[in-house]
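Enquirer: Next come the chains, spelled out residue by residue.
Protein chains: 2
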Amino acid sequence: MNSFIYDIPTKVYFGKNQLENLVSELKTYKKVLLVYGGGSIKKSGLYDRVIKFINNAGLEVFELFGVEPNPEIGTVRRGVKIAKEKGVDVILAVGGGSVIDCAKWIAGGAKVEFDAWEFYSKNAPVLSALPIISILTLSATGSEMDSCGVVTNPETKEKVGKLAQPLYPKVSFLDPTLTYTVDRYQTACGSADILSHVIETYFSKDDDLFMLDTVMEGIMKTVVKYAPIALENPCDYEARANLMWASSWAINGFILGGKVKAWSCHPLEHQLTAYYGITHGLGLAILTPRWMKYCLSDKTVDKFVSFGVNVFDIDKSLSEMEIANKAIEMLSNFLYKTLGLSDTFEKVGIGSENISAMALGASKGRFIDGFVPLYKEDIETIYKMCL
Amino acid sequence: MNSFIYDIPTKVYFGKNQLENLVSELKTYKKVLLVYGGGSIKKSGLYDRVIKFINNAGLEVFELFGVEPNPEIGTVRRGVKIAKEKGVDVILAVGGGSVIDCAKWIAGGAKVEFDAWEFYSKNAPVLSALPIISILTLSATGSEMDSCGVVTNPETKEKVGKLAQPLYPKVSFLDPTLTYTVDRYQTACGSADILSHVIETYFSKDDDLFMLDTVMEGIMKTVVKYAPIALENPCDYEARANLMWASSWAINGFILGGKVKAWSCHPLEHQLTAYYGITHGLGLAILTPRWMKYCLSDKTVDKFVSFGVNVFDIDKSLSEMEIANKAIEMLSNFLYKTLGLSDTFEKVGIGSENISAMALGASKGRFIDGFVPLYKEDIETIYKMCL
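Protein chains in written order, with our numbering: chain A, 1 to 387; chain B, 1001 to 1387.
Excised from the complex, chain A in its bound form (with noise of 0.2 Å):
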């Protein structure tokens, strides 16, 4: 079992009506940053409202918007460079995963005189970070919570993520009812994601500490729960509390323990849409479950049963290998048919085309150290099992 340093600061608001408390928090600065995406925002009239709300504090409000659903590197220049002409001294992300992982590089980048990618390019490290506060709209990455922002450069066609202290949110609004609006699909591949989180975490060749398992476990099944209510009807309170608080604690770095071995599924997904530029929990939807029946063998069984029975209340008398096939079709089953998510590469425009080159990309030369090794070779047969 691995020795490991707690240590998350954002303080959270949580609930209907906490948002009128923007205006203490903001208070202490003067000139902030307000970044956002397209205009779901200004139609649901919660820019109206945060707008007002920075008046009340009484700053100097300058804007980015546009954000994309996976941000790239260009953007987070032109926050930079607005943070800086300006003399920004907080940055108020409004808005789903993307918008805050766009303000968490523009608040590193703001306090260096390199330019931001360098972050990544020539993994320079994030020292400091201008005070980030998020309004979350969309519950899915966990990014109003952990210090990981993941941006994309379309030139090199990478998708990468830098996790530093400084980039923790300060605060953060976690209103369930601002998730209302969000559609079908959006929730279903938010779900996806904070699932996706969860096992990545939960299937770890490293030690487990007993008690995360159970906490992992909870999360899942939470998910599990909630997301057909949430898709059902989008305004059931707790169904989008239930989910929106898991996405928080599914990738804070509670769950963690300690454990260092690396993910799999993601860096697979990361060259999904770095080539296609598909939604992230759908690309990991597709991509989970066939991951699990790769790994799937004597020696991991152990981890799949834990899983079946915890999560899915499968039958504990079945044998060991049984319950774990059975997991990962309940695993498919809640994916495909209850969230409605497609379920190969070919129903989204995926081909074999670049099957090759992000094998290669996934694994960068190396192999991927984690639940179960995985190779260039490896990953290349993941993905066809995914055509």
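By construction, these hints were calculated from the structure, which means they are not laboratory data.
One or more hints might be untrue.
[Claimed, not checked] In silico PhoX-like links for lysine-lysine, alpha-carbon gap of 20 Å or less:
| hint | chain 1 | residue 1 | chain 2 | residue 2 |
| --- | --- | --- | --- | --- |
| 1 | B | Lys1299 | B | Lys1316 |
| 2 | B | Lys1384 | B | Lys1364 |
| 3 | B | Lys1157 | A | Lys259 |
| 4 | A | Lys225 | A | Lys259 |
| 5 | B | Lys1011 | A | Lys170 |
| 6 | A | Lys11 | B | Lys1011 |
| 7 | B | Lys1225 | B | Lys1364 |
| 8 | B | Lys1316 | A | Lys225 |
| 9 | A | Lys316 | A | Lys326 |
| 10 | A | Lys81 | A | Lys31 |
| 11 | B | Lys1293 | B | Lys1205 |
| 12 | A | Lys225 | A | Lys31 |
| 13 | B | Lys1293 | B | Lys1157 |
| 14 | B | Lys1016 | A | Lys259 |
| 15 | A | Lys316 | B | Lys1316 |
| 16 | A | Lys111 | A | Lys86 |
| 17 | A | Lys326 | A | Lys225 |
| 18 | A | Lys84 | A | Lys42 |
| 19 | B | Lys1225 | A | Lys316 |
| 20 | B | Lys1337 | B | Lys1293 |
| 21 | A | Lys170 | B | Lys1170 |
| 22 | A | Lys326 | A | Lys299 |
| 23 | A | Lys11 | B | Lys1170 |
| 24 | B | Lys1170 | B | Lys1122 |
| 25 | A | Lys347 | A | Lys337 |
[As the list claims (entries may be wrong)] Chain B side only, calculated, beta carbon under 7 Å to chain A, not exhaustive:
| hint | residue |
| --- | --- |
| 26 | Phe1004 |
| 27 | Phe1014 |
| 28 | Tyr1180 |
| 29 | Thr1214 |
| 30 | Gly1218 |
| 31 | Thr1222 |
| 32 | Val1224 |
| 33 | Asn1242 |
| 34 | Ala1246 |
Please read these numbers as outputs of a predicted model, since none were measured by experiment.
Think of the CB as a built atom: it goes at the ideal place given N, C-alpha and C, for glycine as much as any other residue.
Take the given structure of chain A and dock chain B to it, following the hints.
Expert: Positioned in the frame of chain A, the structure of chain B alone reads:
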């Protein structure tokens, strides 16, 4: 479902060999007040290690030793006096919950001109406190990661808690190997305490956030699984680690998720400690199953069913009342047989002489507005069930 603010600022170093980080954590300070209990940390060698780290960090050290198992306000006053006279700028608490609780009252008391008892007697707010660093040696109260300190006033026979955001330890060191020397009895009492913290939150009239219910069930399963292992083999790292992390998360505020209803067993137990000085976890162990029996009805049975099925794996096909009664029976067996704790007041030297006064004290002249409302008469009945 209530809204809530999540704000737990404590940084935790978890695992063996983490203690050396004490040097870097202390370095920014000048004068430390080292707070500890009896001589156990001297016997175990921990005292010498800590002094070495303090010296390496270059701090001047002052000591408050002899903190009682239920820390008394007089001890707090001694600590406040040292802190003020010497200009202490950080408090280092080495011990279990009592030592950390005492350190919290000192940390708050050092910042005000009035007597620390007025935090309770006049409900004076704790607006600031000296930073607290804790090194935990007993998994039980969760004080290492919460904002509450409990002290006893022997003159007024009051045992009272104070909650305030500035009382969260800044840093806590959780090294499971430091609990290897905790004896059988204290390990059992500590485990009962952890379990009780979760039960108090789990059994609530407030609406549940299902996700947090699953987390609570997980923590309870963790205690039920690992307490017997720690009793059997005190140096089992996995067992001690699981109990330690469970103790923090059972009460740091996370599982609360906006529930505001009062706890029930704790106020009843605090009277036992105030009148008879018994160990907190033992008092809780005697009380909890009786309180459950008293509360069980057609109106409350649902929660007992979830508890029985998800924590004790009771057969779902039984009737609700059968499951509920079996759950209480299994909890009793765990506390009294597996952990070996005494199961009646008589066995711990408590007679009927103070029941009426204790019931009055527990209800503070009002009723306890918890899972089931408890008036003075209800509390008397529960006490009598324990005789």
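Enquirer: If any of the earlier hints don't hold here, list their numbers in rising order.
Expert: 3, 4, 7, 12, 13, 18, 24, 28, 32
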